[in-house]
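Using my numbering, the first residue of the sequence shown is number -11, and each one after it goes up by one.
Among the hints, erroneous ones may be present.
[To be verified] Straight-line Cα separation of at most 27 Å, BS3-like style, residue types lysine-lysine; simulated pairs: (1) Lys104 with Lys121; (2) Lys145 with Lys54; (3) Lys88 with Lys48; (4) Lys39 with Lys104; (5) Lys39 with Lys116; (6) Lys48 with Lys182; (7) Lys135 with Lys48; (8) Lys145 with Lys48; (9) Lys104 with Lys116; (10) Lys54 with Lys116.
Note that these hints are calculated values from the structure, not bench results.
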Amino acid sequence: MNTLLKQTLTASVLSTMIAGTVFAAPAEAPPVFIKRVADGLVERLKADRSKLQNNPAAVKAIIRQKLDPYVDAQAFTRIVMGTYATNQYSTAAQRAQFEKNFRETLIENYGGAFAKYSNQTYSMRPYKASAGKYQVVTIDFIDGGEKIPVSFQLADKGNQWKIRNINVSGIDLGLQFRNQFAATVKRNGNNLDKAIANFEPDAEAAVNKNGQKK
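The task is simple: from the sequences and hints, build the whole structure.
Right, dumping it as structure tokens:
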């Protein structure tokens, strides 16, 4: 095989790989993705309802299977750590430890909420595509006669959408968790390792605009 032909084939393969990487996009529209995730979660909660209230491990297993794979934990971590997510304030190891701890405590938060599930329903709001970097899909969880709007901010990860932040009833959880973490850093004398070890995001406090945990 002559040199020119080798170079041509190599260039062709590389350009195909690059094109596949750059232009890959989720096959699902954002509202279809959120509906699939929500339906999968609700179906499991309904099926296992009798087991949930006294079995935290069962609830966590459902969250890990039906919700956790669709969360962009790295992006959520950067939002919550804020300026502490930069190289100036933290190491890669610290950020990795924070992400690990944060993911686990979020599962605890969601688990506590979903353990109380009692056949609540939800409805999708009309979706309007955003010209910006992220897409937002809003659904209304219906609990009795009350509608609780939950907006999911989605990031295009190439082959599927991932949830990078959540807004509940107009409250930005990422921002509220950031305030909670900043308060934790101060309470631990600006020792980041201690703050990471002790940080427990409190979703209920965040939704109530009480960004600090005792």
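Hint-by-hint comparison with the structure:
1. Lys104 with Lys121: violated (35 Å)
2. Lys145 with Lys54: The given pair, whose Cα atoms are some 18 Å apart, holds under the 27 Å limit.
3. Lys88 with Lys48: holds (15 Å)
4. Lys39 with Lys104: holds (11 Å)
5. Lys39 with Lys116: Violated - the C-alpha atoms of Lys116 and Lys39 are around 38 Å apart, more than 27 Å.
6. Lys48 with Lys182: Roughly 26 Å between the alpha carbons, so the hint for Lys48 and Lys182 holds.
7. Lys135 with Lys48: holds (25 Å)
8. Lys145 with Lys48: At roughly 25 Å apart (the allowed maximum being 27 Å), Lys48 and Lys145 satisfy the hint.
9. Lys104 with Lys116: violated (32 Å)
10. Lys54 with Lys116: Answer holds: Lys54 to Lys116 is near 25 Å, not above 27 Å.
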